[in-house]
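K.L.:
Sequence:
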Amino acid sequence: MGEKLLNRIEIDPNIMLGKPVIRGTRIPVEMILRKMSQNISVEEILADYPRLTRKDIQAVLEYAAESVSVEEIRLTVGKR
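Counting in numbering that gives the first Met the number 0, the sequence shown tops out at residue 79, every number present.
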(Lines of atoms letter the chains of each structure in order from A and count residues from 1; the text may use other names and numbers.)
(Lines give C-alpha, C1' and ligand atoms only; values in the text may rest on other atoms or scores of the structure.)
Protein backbone atom coordinates (compact mmCIF):
# COMPACT_ATOMS: atom_id res chain seq x y z
CA MET A 1 0.00 0.00 0.00
CA GLY A 2 2.73 2.48 0.94
CA GLU A 3 4.52 2.21 -2.41
CA LYS A 4 1.42 3.19 -4.40
CA LEU A 5 0.60 6.01 -1.99
CA LEU A 6 4.12 7.37 -2.30
CA ASN A 7 3.56 7.69 -6.06
CA ARG A 8 1.25 10.57 -5.17
CA ILE A 9 4.23 12.59 -3.90
CA GLU A 10 6.70 14.12 -6.34
CA ILE A 11 9.90 16.10 -6.12
CA ASP A 12 10.71 18.31 -9.09
CA PRO A 13 13.34 21.06 -8.92
CA ASN A 14 11.06 23.19 -11.11
CA ILE A 15 8.12 22.99 -8.70
CA MET A 16 8.24 24.73 -5.30
CA LEU A 17 12.06 24.76 -5.36
CA GLY A 18 12.18 20.97 -5.28
CA LYS A 19 10.16 20.52 -2.10
CA PRO A 20 8.00 17.39 -2.02
CA VAL A 21 4.49 18.20 -3.28
CA ILE A 22 1.32 16.28 -3.92
CA ARG A 23 1.56 15.12 -7.54
CA GLY A 24 -0.17 17.38 -10.04
CA THR A 25 -0.33 20.29 -7.58
CA ARG A 26 1.90 22.91 -6.05
CA ILE A 27 0.76 21.90 -2.56
CA PRO A 28 3.81 21.06 -0.43
CA VAL A 29 3.80 18.03 1.85
CA GLU A 30 5.19 20.30 4.58
CA MET A 31 2.15 22.59 4.44
CA ILE A 32 -0.30 19.71 4.90
CA LEU A 33 1.75 18.35 7.80
CA ARG A 34 1.84 21.78 9.46
CA LYS A 35 -1.92 22.16 9.12
CA MET A 36 -2.43 18.74 10.69
CA SER A 37 -0.05 19.65 13.53
CA GLN A 38 -2.26 22.70 14.18
CA ASN A 39 -5.25 20.39 14.70
CA ILE A 40 -6.80 21.26 11.35
CA SER A 41 -8.87 18.23 10.42
CA VAL A 42 -8.56 16.23 7.25
CA GLU A 43 -12.10 17.33 6.36
CA GLU A 44 -11.11 21.01 6.68
CA ILE A 45 -8.01 20.48 4.55
CA LEU A 46 -10.05 18.71 1.88
CA ALA A 47 -12.61 21.54 1.93
CA ASP A 48 -9.85 24.16 1.56
CA TYR A 49 -8.12 22.20 -1.23
CA PRO A 50 -10.89 20.49 -3.24
CA ARG A 51 -8.38 18.97 -5.70
CA LEU A 52 -6.98 16.81 -2.89
CA THR A 53 -8.34 13.43 -1.90
CA ARG A 54 -8.13 11.41 1.28
CA LYS A 55 -5.51 9.23 -0.42
CA ASP A 56 -3.39 12.34 -1.01
CA ILE A 57 -3.49 13.06 2.73
CA GLN A 58 -2.61 9.42 3.45
CA ALA A 59 0.31 9.76 1.03
CA VAL A 60 1.56 12.83 2.91
CA LEU A 61 1.52 10.87 6.17
CA GLU A 62 3.21 7.87 4.56
CA TYR A 63 5.90 10.14 3.09
CA ALA A 64 6.51 11.71 6.51
CA ALA A 65 6.75 8.29 8.15
CA GLU A 66 9.21 7.07 5.52
CA SER A 67 11.26 10.25 5.89
CA VAL A 68 11.86 9.69 9.60
CA SER A 69 12.25 5.92 9.53
CA VAL A 70 15.98 5.84 9.09
CA GLU A 71 18.22 3.17 10.53
CA GLU A 72 20.37 5.63 12.42
CA ILE A 73 19.38 8.93 13.94
CA ARG A 74 22.22 11.26 14.87
CA LEU A 75 21.55 13.78 17.58
CA THR A 76 23.69 16.82 18.11
CA VAL A 77 24.18 17.82 21.71
CA GLY A 78 24.61 21.52 22.18
CA LYS A 79 24.41 24.21 24.81
CA ARG A 80 21.03 25.64 25.68
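Careful: at least some of the hints might be erroneous.
[Claimed, not checked] In silico EDC-like pairs for lysine to aspartate or glutamate, Cα to Cα no more than 20 Å straight-line: (1) K54 - E9; (2) K54 - E29; (3) K18 - E29; (4) K18 - E65.
Note that these hints are calculated values from the structure, not bench results.
Just so we're clear, the structure is a prediction, and the values are computed from it rather than from any experiment.
K.L.:
State for each hint whether it applies.
P.N.:
We went through each hint and held it up to the structure:
{"no.": "1", "hint": "K54 - E9", "result": "14 Å, holds"}
{"no.": "2", "hint": "K54 - E29", "result": "16 Å, holds"}
{"no.": "3", "hint": "K18 - E29", "result": "8 Å, holds"}
{"no.": "4", "hint": "K18 - E65", "result": "15 Å, holds"}
The structure is consistent with each of the numbered hints, conforming to all of them.
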